[in-house]
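**Q** Just so you know, the protein sequences line up as chains A and B, in that order.
Positions in the first sequence are counted from 1; adding 273 to them yields my numbering.
Positions in the second sequence are counted from 1; adding 76 to them yields my numbering.
Treat the hints loosely; a few may be bogus.
Residues of chain A placed beyond 12 Å of chain B at every Cβ, according to the derived structure [as the list claims (entries may be wrong)]: (1) F323; (2) P358; (3) K364; (4) S380; (5) L413; (6) G619; (7) L625; (8) D630; (9) L633; (10) T639.
Lysine-lysine pairs mimicking DSBU-like chemistry, simulated, CA-CA at most 35 Å apart [said to hold, decoys possible]: (11) B:K188 - A:K434; (12) B:K240 - A:K350; (13) B:K293 - B:K571; (14) A:K322 - B:K188; (15) A:K427 - B:K132; (16) B:K324 - A:K388; (17) B:K236 - A:K388; (18) A:K347 - B:K132; (19) B:K188 - A:K388; (20) B:K188 - B:K324; (21) B:K236 - A:K350; (22) B:K171 - A:K327; (23) A:K478 - B:K352; (24) B:K236 - A:K327; (25) B:K421 - A:K388; (26) B:K171 - A:K427; (27) B:K240 - A:K327; (28) B:K243 - A:K427; (29) B:K153 - A:K427; (30) B:K520 - A:K322; (31) A:K493 - A:K427; (32) A:K638 - A:K628; (33) B:K132 - A:K478; (34) A:K347 - B:K293; (35) B:K520 - A:K427; (36) A:K322 - B:K293; (37) B:K153 - A:K347; (38) B:K324 - A:K350.
The hints are simulated quantities; they were obtained by calculation from the structure and are not laboratory data.
Predicted, not measured: the structure shown is a model, and the values here were computed from it.
Just so it is clear, CB atoms sit at the ideal spot from N, CA and C, and this is done for glycine as well.
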Amino acid sequence: MQLKHIYIGFLGLIVLSSFAMIQDDNIILDLKLLTTQTEFESGSSITLKFSTSKMSDLILYCSSSYGTTLLSPKVEKSTITYTIPDHISNKSGQVQWQLINGNNSLSGQFNIIPKSDVATMETYIGPPSIEAGGTDYTMLVVIPTDRLDNPLPKNTLVNAKHQFLSSQFSDSITTNHIIAYKTIYSKNESGRILVSSESSNTNSKEYSITVFPAIPTHFKISAKQPHNYADGNQVTTFETSVIRDKLNNIVSDGTYVSFFITNSKGNKLKTSGTTINGVAKAMMIHPDHQTQWTVKGYVDGISESDPISVNFKQVIEDFDVTFSNNNRLISIGPLQSFMNQLIPDGFKVELLLYKNDKLLNILTKTSIDGYVNFNLTSNIATNDTYTIVIKSAGLEKAFNTINVW
Amino acid sequence: MVNLNRTIIRTVLIVSYILIISLVVYAISALFGYLNTGADRSTILHTELKKIEQYKPKVIWMPLTNEGRPIDNESLKAIETDYLDAWYVKQVAYKTNTTAGINDYYTDNARKNIFDFITLNSNENISIESTTLEHHPKLEFFSEDGQLAVITDNDVIEYKRVYKDNKLVIETNEISTYKVVLLLEDGFWRIRHLIKESTEDYIVELHQIATNHLNIKGINYYPQATPWDMFGDSFSKDTIAKDFKIIKEAGLNSVRLFVQYDDFGKANVNKEKLDKLKLTLDAAETVNLGVVITLFDFYGNYDVLDWTLNMRHAETIVSELKNHKAIIAWDIKNEPNLDFETRGKAKVIAWLEHMIAHVKSIDKVHPITIGWSNTQSASLLNEQVDFISFHYYEDLDKLGTSLEALKNEIPNKTLVMGEFGLSSYDGIWKPFGDSEKDQANYHKKAQDIIAQHNLQYLSWTLYDFTEIPKEVVGGLPWRKNAQKNFGFIDENGAKKPAFTYISKPQ
Numbered sequence: 274m275q276l277k278h279i280y281i282g283f284l285g286l287i288v289l290s291s292f293a294m295i296q297d298d299n300i301i302l303d304l305k306l307l308t309t310q311t312e313f314e315s316g317s318s319i320t321l322k323f324s325t326s327k328m329s330d331l332i333l334y335c336s337s338s339y340g341t342t343l344l345s346p347k348v349e350k351s352t353i354t355y356t357i358p359d360h361i362s363n364k365s366g367q368v369q370w371q372l373i374n375g376n377n378s379l380s381g382q383f384n385i386i387p388k389s390d391v392a393t394m395e396t397y398i399g400p401p402s403i404e405a406g407g408t409d410y411t412m413l414v415v416i417p418t419d420r421l422d423n424p425l426p427k428n429t430l431v432n433a434k435h436q437f438l439s440s441q442f443s444d445s446i447t448t449n450h451i452i453a454y455k456t457i458y459s460k461n462e463s464g465r466i467l468v469s470s471e472s473s474n475t476n477s478k479e480y481s482i483t484v485f486p487a488i489p490t491h492f493k494i495s496a497k498q499p500h501n502y503a504d505g506n507q508v509t510t511f512e513t514s515v516i517r518d519k520l521n522n523i524v525s526d527g528t529y530v531s532f533f534i535t536n537s538k539g540n541k542l543k544t545s546g547t548t549i550n551g552v553a554k555a556m557m558i559h560p561d562h563q564t565q566w567t568v569k570g571y572v573d574g575i576s577e578s579d580p581i582s583v584n585f586k587q588v589i590e591d592f593d594v595t596f597s598n599n600n601r602l603i604s605i606g607p608l609q610s611f612m613n614q615l616i617p618d619g620f621k622v623e624l625l626l627y628k629n630d631k632l633l634n635i636l637t638k639t640s641i642d643g644y645v646n647f648n649l650t651s652n653i654a655t656n657d658t659y660t661i662v663i664k665s666a667g668l669e670k671a672f673n674t675i676n677v678w
Numbered sequence: 077m078v079n080l081n082r083t084i085i086r087t088v089l090i091v092s093y094i095l096i097i098s099l100v101v102y103a104i105s106a107l108f109g110y111l112n113t114g115a116d117r118s119t120i121l122h123t124e125l126k127k128i129e130q131y132k133p134k135v136i137w138m139p140l141t142n143e144g145r146p147i148d149n150e151s152l153k154a155i156e157t158d159y160l161d162a163w164y165v166k167q168v169a170y171k172t173n174t175t176a177g178i179n180d181y182y183t184d185n186a187r188k189n190i191f192d193f194i195t196l197n198s199n200e201n202i203s204i205e206s207t208t209l210e211h212h213p214k215l216e217f218f219s220e221d222g223q224l225a226v227i228t229d230n231d232v233i234e235y236k237r238v239y240k241d242n243k244l245v246i247e248t249n250e251i252s253t254y255k256v257v258l259l260l261e262d263g264f265w266r267i268r269h270l271i272k273e274s275t276e277d278y279i280v281e282l283h284q285i286a287t288n289h290l291n292i293k294g295i296n297y298y299p300q301a302t303p304w305d306m307f308g309d310s311f312s313k314d315t316i317a318k319d320f321k322i323i324k325e326a327g328l329n330s331v332r333l334f335v336q337y338d339d340f341g342k343a344n345v346n347k348e349k350l351d352k353l354k355l356t357l358d359a360a361e362t363v364n365l366g367v368v369i370t371l372f373d374f375y376g377n378y379d380v381l382d383w384t385l386n387m388r389h390a391e392t393i394v395s396e397l398k399n400h401k402a403i404i405a406w407d408i409k410n411e412p413n414l415d416f417e418t419r420g421k422a423k424v425i426a427w428l429e430h431m432i433a434h435v436k437s438i439d440k441v442h443p444i445t446i447g448w449s450n451t452q453s454a455s456l457l458n459e460q461v462d463f464i465s466f467h468y469y470e471d472l473d474k475l476g477t478s479l480e481a482l483k484n485e486i487p488n489k490t491l492v493m494g495e496f497g498l499s500s501y502d503g504i505w506k507p508f509g510d511s512e513k514d515q516a517n518y519h520k521k522a523q524d525i526i527a528q529h530n531l532q533y534l535s536w537t538l539y540d541f542t543e544i545p546k547e548v549v550g551g552l553p554w555r556k557n558a559q560k561n562f563g564f565i566d567e568n569g570a571k572k573p574a575f576t577y578i579s580k581p582q
């Protein structure tokens with residue numbers, strides 16, 4: 274009987290103690306956030322303080338803009354304190370925290386706002402070059418940031434400033450979605466726009482935008498000749514007028530101008546040059562026979578000039594041809610120019626060798642001291658009868674039945 | 077005799093000569109082949125960059141109303157790709173506490189913030205497995221020169237598992253909104269500013285789908301010739317239609333089919349396989365059979381960074397098939413509890429939870445279950461699934477008790493015995509195995525219990541198989557051979573005694 278009582282008593286104790294344990298479990302869950310502040314300036318030291326009914330070192334989960342981490346507390350008698358590390362407290366944004374305590378976790382958020390003073394004007398500008406004329410534009414994008422590289426909040430005032438020629442402009446813009454932007458249109462003149470921005474007395478660096486002239490308009494060309502004889506030696510220079518865009522800006526240096534020359538036979542020659550101060554120059558050697566050139570300048574695909582014509586007079590009226598050395602040595606000359614002077618070296622003479630109207634060979638030589646000598650070696654002409662034609666300065670002389678031996 | 081000997085010696089000599097020469101030639105060619113492998117010359121130029129799909133959260137762009145320059149689709153796509161890559165490298169960085177890839181996707185000033193976290197976390201031995209499941213970005217601004225973009229990424233659903241000293245400390249689901257400034261540098265869209273504007277815990281509300289209409293009396297099905305390779309090259313709709321007819325005529329009303337994750341092309345679901353699955357469903361519909369589709373068969377990674385790919389896989393299949401009349405339910409995963417040991421229970425459960433929510437978000441009509449491998453695990457996630465299914469290969473005498481226990485624990489959910497059966501193999505690898513008669517008795521008894529408890533069921537399986545891939549039960553012959561003989565119909569097409577009890581106890 275007594276044993277039974279003891280047994281019941283013992284059972285009762287076990288039951289009681291198990292209750293006690295359950296209650297004990299509940300007690301340590303009594304946690305409360307003591308920190309009431311939910312908004313902090315970036316860079317300030319942030320601590321979260323909790324009251325607890327029992328000493329405990331619970332872990333705090335903490336997730337900010339860039340990442341997530343776990344923090345351990347500083348435990349005092351009835352409070353536990355978490356110090357938020359710098360790299361979380363320095364960056365603006367909402368921070369989610371959770372005090373991990375099994376199923377009874379405590380969670381919340383706090384905000385970190387950027388400092389109100391601007392430390393840097395993060396500036397992006399582009400495109401770096403635009404066209405004059407008022408339709409093309411560039412865009413200035415500014416992100417005012419605080420000392421800790423946090424963009425300032427919405428509606429931060431930014432002064433977007435730019436200077437062009439004699440005028441200066443200042444526009445007030447405000448940030449939205451982190452950035453503030455301003456489109457800057459070109460004016461009629463070409464040149465350089467200087468851009469800067471300012472917010473809360475912090476100024477950006479100077480940025481520059483090149484305003485290039487617009488596309489060239491039609492232009493004129495002229496030709497400059499030392500003389501108008503077709504001596505195959507002198508050089509004619511073609512020159513454009515000052516090429517301008519529609520707004521009278523001189524086109525950019527280096528604008529490529531091609532000159533197309535058409536001679537009286539309809540053959541085409543081409544020369545080209547690039548502009549300096551709007552003027553492009555190009556040169557072409559004189560022809561060696563009388564002709565007329567029609568010249569036209571083009572900026573490819575964009576603009577062109579009116580055609581001009583240039584005349585060349587014949588310089589060599591006639592020349593002598595002498596045969597010697599069994600008709601194998603043919604001497605042409607003297608070749609005389611417009612003042613009867615010997616033509617400058619390098620004047621072209623051609624010899625065409627025919628046999629029974631069949632062209633066998635063309636020999637080309639240039640003059641030296643007013644003469645050209647052809648030597649018909651046995652490699653070129655075996656002992657036979659040929660027709661020999663001499664061509665020079667647009668003239669042609671034929672010698673039939675020349676016996677070479 | 078001498079002549080014969082000589083011929084033999086000659087033959088042996090010639091054959092061995094040929095053998096040695098061919099071996100030498102083979103060895104040389106193998107060596108040559110080996111030396112020729114390695115970098116292809118064309119790879120020197122990096123002309124071909126293969127993009128590996130690593131991270132595919134759901135991205136839904138808000139309508140374009142951005143300030144600044146109007147954006148074209150290519151640029152938007154480029155921003156999206158690099159922005160998601162930025163998330164991916166960040167998640168890898170926080171998981172491993174290394175900085176690989178961060179420099180490519182964060183500018184000088186932004187990457188410092190990430191490095192600070194990595195330093196702190198690696199000092200404290202904290203690692204974070206995380207992923208984002210959804211993004212709803214809105215392009216706010218695109219600069220005139222196309223070098224700067226601002227986006228607001230709304231309602232980013234983030235999932236994190238935070239470990240300290242390799243122990244899971246916390247698992248979080250958060251929904252946050254970010255403001256992001258991206259700069260185009262060196263051909264990469266890099267994050268310059270990242271601000272979390274708001275964040276809160278994300279709680280998924282799962283709506284329960286009624287299962288009163290369910291009356292599953294069915295069988296797990298693989299074609300006899302191509303078990304575990306149902307949608308391969310030898311796919312034949314006629315064979316399947318014939319089998320479905322047999323099943324229907326046997327008095328059953330449903331089949332359970334398997335969709336293998338790798339086989340179906342992972343995140344980019346193979347259209348051809350999906351079409352074959354649709355043809356199978358058509359065949360089922362013709363004879364009025366319902367189909368339970370088991371997703372993610374042979375998948376066993378569960379890695380948090382794999383989730384987005386898994387979700388794209390499920391999304392394609394479920395959204396493509398959810399309106400098919402043959403579908404009756406989705407089985408998220410076959411026997412996931414078998415992966416608890418190797419992958420960790422918490423990780424598998426978290427994966428299942430999110431996959432249930434994801435499938436439910438796509439298909440709001442068909443109920444969802446998980447095919448647990450035993451009754452003990454069947455109560456896991458019972459709040460989330462619409463009906464409970466478990467597999468039973470233990471002693472039938474204990475089935476009744478287990479069922480009662482389950483019903484007590486989860487009184488308000490339908491129970492389905494998703495797999496049960498007995499192998500009739502008693503060959504040399506298992507001399508005292510069960511005979512076909514034992515199998516018949518087993519099914520008779522099982523049907524008795526089923527009738528008693530008004531249980532829904534899917535038996536294993538219609539056919540005896542001749543080939544079992546080693547992924548199914550491993551390579552051990554006694555397991556393989558046993559697995560071959562679970563069918564109601566033997567390899568010659570003859571109905572085994574058990575067939576009588578395929579749908580009823582008599």
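**Q** Could you run down the list of hints and mark each one as holding or not?
**A** Status of each hint after checking the structure:
1. F323: Fine: 16 Å to the nearest Cβ keeps F323 of chain A off the interface.
2. P358: violated (6 Å)
3. K364: violated (6 Å)
4. S380: violated (7 Å)
5. L413: violated (9 Å)
6. G619: holds (50 Å)
7. L625: holds (55 Å)
8. D630: Holds, since 61 Å exceeds 12 Å.
9. L633: It holds; L633 of chain A is separated from chain B by about 54 Å at its closest Cβ, greater than 12 Å.
10. T639: holds (51 Å)
11. B:K188 - A:K434: Holds, at roughly 32 Å.
12. B:K240 - A:K350: Holds, because 26 Å separates the two Cα atoms, which is no more than 35 Å.
13. B:K293 - B:K571: Holds, at roughly 19 Å.
14. A:K322 - B:K188: With Cα atoms ~28 Å apart, K322 of chain A and K188 of chain B stay inside 35 Å; holds.
15. A:K427 - B:K132: Judged against 35 Å, a Cα distance of about 32 Å means the pair holds.
16. B:K324 - A:K388: violated (73 Å)
17. B:K236 - A:K388: holds (30 Å)
18. A:K347 - B:K132: violated (41 Å)
19. B:K188 - A:K388: Judged against 35 Å, a Cα distance of about 19 Å means the pair holds.
20. B:K188 - B:K324: Status violated; Cα separation ~65 Å.
21. B:K236 - A:K350: Since the Cα atoms of K236 of chain B and K350 of chain A sit roughly 32 Å apart, the hinted pair holds (cutoff 35 Å).
22. B:K171 - A:K327: Since the Cα atoms of K171 of chain B and K327 of chain A sit roughly 34 Å apart, the hinted pair holds (cutoff 35 Å).
23. A:K478 - B:K352: This hinted pair is violated, its Cα atoms lying about 65 Å apart.
24. B:K236 - A:K327: Satisfied, since the Cα-Cα distance of roughly 29 Å is no more than 35 Å.
25. B:K421 - A:K388: Since the Cα atoms of K421 of chain B and K388 of chain A sit roughly 46 Å apart, the hinted pair is violated (cutoff 35 Å).
26. B:K171 - A:K427: Holds - the C-alpha atoms of K427 of chain A and K171 of chain B are around 34 Å apart, at most 35 Å.
27. B:K240 - A:K327: holds (23 Å)
28. B:K243 - A:K427: violated (41 Å)
29. B:K153 - A:K427: holds (28 Å)
30. B:K520 - A:K322: violated (67 Å)
31. A:K493 - A:K427: Since the Cα atoms of K493 of chain A and K427 of chain A sit roughly 56 Å apart, the hinted pair is violated (cutoff 35 Å).
32. A:K638 - A:K628: holds (21 Å)
33. B:K132 - A:K478: Since the Cα atoms of K132 of chain B and K478 of chain A sit roughly 41 Å apart, the hinted pair is violated (cutoff 35 Å).
34. A:K347 - B:K293: violated (61 Å)
35. B:K520 - A:K427: violated (75 Å)
36. A:K322 - B:K293: With a Cα-Cα distance of about 60 Å, the restraint between K322 of chain A and K293 of chain B is violated, given a limit of 35 Å.
37. B:K153 - A:K347: Violated - the C-alpha atoms of K347 of chain A and K153 of chain B are around 48 Å apart, more than 35 Å.
38. B:K324 - A:K350: Given that 35 Å is the threshold and the Cα spacing comes to 73 Å, the pair is violated.
When each numbered hint is compared with the structure, violations occur for hints 2, 3, 4, 5, 16, 18, 20, 23, 25, 28, 30, 31, 33, 34, 35, 36, 37 and 38.
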